[in-house]
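Protein chains in written order, with this note's numbering: chain A, 1 to 202; chain B, 203 to 445.
Accuracy of the hints is not assured; some may be wrong.
Quick list of the computed label-pair ranges, beta carbon to beta carbon [as the list claims (entries may be wrong)]:
| id | chain 1 | residue 1 | chain 2 | residue 2 | range |
| --- | --- | --- | --- | --- | --- |
| 1 | B | ARG246 | A | THR144 | 21 to 29 Å |
| 2 | B | PRO229 | A | GLU188 | 22 to 30 Å |
| 3 | B | LEU274 | A | ARG198 | 51 to 59 Å |
| 4 | B | GLY425 | A | SER171 | 51 to 59 Å |
Computed footprint of chain A on chain B; a stretch qualifies when at least three of its residues, placed anywhere within it, have a C-beta under 8 Å from a C-beta of chain A [as the list claims (entries may be wrong)]:
| id | region |
| --- | --- |
| 5 | 249 to 255 |
| 6 | 259 to 273 |
| 7 | 310 to 320 |
Quick caveat, the hints were computed from the structure, so don't treat them as lab data.
All values derive from a computational prediction rather than experimental measurement.
Every residue, glycine too, gets a C-beta built ideally from N, C-alpha and C.
Here are the chains, one letter per residue:
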Amino acid sequence: MEYAGTVEDAAQHRDLGLIERARGGDLDAFNELVLIHQDHLWALVVRLVPDPDQASDAVQEAFLNAYRNLRSFRGGSVRSWLGRIAINAAMDAQRFRKRRPAQPYPELEDEAWQPPAGDDADPERTAMATERSRVLADALALITDDQRTAIVLFDVEGYDYGEIAELTGVSLGTVKSRIHRGRLALRELLEDRIGLFRGDAG
Amino acid sequence: MNERATDHDSHDRLLIAAHAAGDAEGPDRERAEALLGSCAECARLAADLRSVAAALPSAAVPRRPRDFRLRLAEVEERPAGGPFAGLRRSIEAFRRSLAPVGAGLATIGIAGLLLAGTTGLLGGSSSAVLSTVGAPVGTGYGTSRDANDNAAGGPLAPGVASPAASAASEQRTPAATAVPGGGQVQSIPTPKPAVPEKLSPVPSPAAPSGPPPLVVGSVVVLGLGVAFWAIGRIAAARAGPED
Numbered sequence: 001m002e003y004a005g006t007v008e009d010a011a012q013h014r015d016l017g018l019i020e021r022a023r024g025g026d027l028d029a030f031n032e033l034v035l036i037h038q039d040h041l042w043a044l045v046v047r048l049v050p051d052p053d054q055a056s057d058a059v060q061e062a063f064l065n066a067y068r069n070l071r072s073f074r075g076g077s078v079r080s081w082l083g084r085i086a087i088n089a090a091m092d093a094q095r096f097r098k099r100r101p102a103q104p105y106p107e108l109e110d111e112a113w114q115p116p117a118g119d120d121a122d123p124e125r126t127a128m129a130t131e132r133s134r135v136l137a138d139a140l141a142l143i144t145d146d147q148r149t150a151i152v153l154f155d156v157e158g159y160d161y162g163e164i165a166e167l168t169g170v171s172l173g174t175v176k177s178r179i180h181r182g183r184l185a186l187r188e189l190l191e192d193r194i195g196l197f198r199g200d201a202g
Numbered sequence: 203m204n205e206r207a208t209d210h211d212s213h214d215r216l217l218i219a220a221h222a223a224g225d226a227e228g229p230d231r232e233r234a235e236a237l238l239g240s241c242a243e244c245a246r247l248a249a250d251l252r253s254v255a256a257a258l259p260s261a262a263v264p265r266r267p268r269d270f271r272l273r274l275a276e277v278e279e280r281p282a283g284g285p286f287a288g289l290r291r292s293i294e295a296f297r298r299s300l301a302p303v304g305a306g307l308a309t310i311g312i313a314g315l316l317l318a319g320t321t322g323l324l325g326g327s328s329s330a331v332l333s334t335v336g337a338p339v340g341t342g343y344g345t346s347r348d349a350n351d352n353a354a355g356g357p358l359a360p361g362v363a364s365p366a367a368s369a370a371s372e373q374r375t376p377a378a379t380a381v382p383g384g385g386q387v388q389s390i391p392t393p394k395p396a397v398p399e400k401l402s403p404v405p406s407p408a409a410p411s412g413p414p415p416l417v418v419g420s421v422v423v424l425g426l427g428v429a430f431w432a433i434g435r436i437a438a439a440r441a442g443p444e445d
């Protein structure tokens with residue numbers, strides 16, 4: 001735990017140094033931050049915006065906004081700061097998508113998807129985990145934007161109800177309701193494959 | 203745990219979901235726990251909801267399609283951000299949209315002027331106006347100057363005698379007529395020819411004194427059109443590569 005804290009501190013120290021240089025107009029320093037955080041931001045945004053093209057635009061917009069608003073960074077975690085900017089860009093993309101509905105996740109092509117890295121070498125279990133991650137991604141793309149946003153921020157990103165309420169501009173009760181209804185919707189969509197999930201959680 | 207599935211259908215699934223998330227409190231929590239204790243399906247639903255939530259971080263994501271590092275040109279070519287960046291972009295977009303509107307207005311203005319030219323309105327002649335409404339030439343409709351000119355036999359087409367001018371001339375002529383042999387005979391006053399009411403040279407008090415409305419309107423529309431078009435083109439040129 002202490003080691004993890006040290007690594008985190010070192011990462012934060014490195015990020016703050018890069019922010020400082022970027023504020024001085026050093027685009028290379030900012031691009032180092034992009035290299036460090038782009039995978040996280042991509043995974044976050046593409047879960048909120050299931051169309052990969054729109055998600056890609058939203059991530060690009062997020063990094064541009066971050067670069068333009070370096071002065072607004074008030075300290076704390078650079079990763080969280082970038083995450084919040086990306087969430088805003090993703091919600092803008094969702095609103096745009098409502099006006100111009102796009103295709104959700106395209107047909108799953110093996111080479112285009114990255115199943116989560118598993119520490120499990122058993123091929124059968126690995127195949128099952130891969131299948132589970134894919135059907136879950138499919139189902140996630142089919143629930144409403146509001147429910148998906150609340151669920152991803154809570155269950156994947158680890159924000160608490162209050163933070164989600166602040167980020168999405170709704171009440172605490174609405175956040176809870178969206179999470180409960182979203183999970184019920186996911187459970188319904190996964191009805192035929194629910195066996196993949198049973199025995200997964202304690 | 204021996205209730206039939208049909209009973210489960212009537213159970214409050216949202217309450218189960220709230221309880222599974224740890225959000226049911228007070229009486230809701232008691233109701234949820236009662237359901238979980240008596241309905242196997244409800245208990246299974248709660249377990250499934252927890253399993254699905256726990257698996258969410260492992261949901262697959264498409265591969266990152268590109269490197270998101272910013273290019274210098276990309277940073278420079280786009281307008282700077284800030285709290286009013288969105289508003290500024292909207293205003294710029296509105297300005298750019300003025301160009302086609304301006305072109306349309308200018309076309310309408312030019313068409314109006316051409317129409318006015320065809321019907322003779324551009325020259326300011328009252329005769330053209332009257333000819334378009336079917337009235338006799340030289341009746342004084344239009345400017346008062348026109349009326350006076352017409353009364354004096356002014357700007358009429360050669361060979362076209364104005365009845366009104368004839369009448370006025372007859373009024374000025376002495377009532378004596380020279381006859382061969384130097385004598386004069388007292389002429390019998392000739393009756394004045396009847397002048398039709400509508401040929402009166404006196405302009406109507408309500409007659410417009412400026413250029414015709416069609417001309418004024420066309421000039422205004424043309425001016426607005428050119429201005430809008432220019433604003434739109436300047437905004438588009440400033441936006442440059444974004445378009």
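Taking the Cβ atom of B:LEU274 and the Cβ atom of A:ARG198, is their distance within the range 51 to 59 Å?
53 Å, holds
Could you say whether the range 21 to 29 Å given as a hint is met by the Cβ separation of B:ARG246 and A:THR144?
25 Å, holds
Annotated coverage of the region 249 to 255 of chain B by chain A, confirmed only when three residues or more have a Cβ within 8 Å
holds (count 7)
Supplied distance hint 51 to 59 Å, evaluated on CB atoms of B:GLY425 and A:SER171
About 53 Å separates the Cβ atoms of B:GLY425 and A:SER171, which means 51 to 59 Å holds.
Verify the CB-CB distance for B:PRO229 and A:GLU188 against the hinted window 22 to 30 Å.
27 Å, holds
Test coverage of the region 310 to 320 of chain B by chain A using CB-CB distances below 8 Å; three residues minimum.
With 0 residues close enough to chain A, the hint is violated.
So is the region 259 to 273 of chain B in contact with chain A by the C-beta rule, three or more residues under 8 Å, or is the coverage claim wrong?
holds (count 14)
Against the hints set out earlier in the document, a violation occurs for number 7 only.
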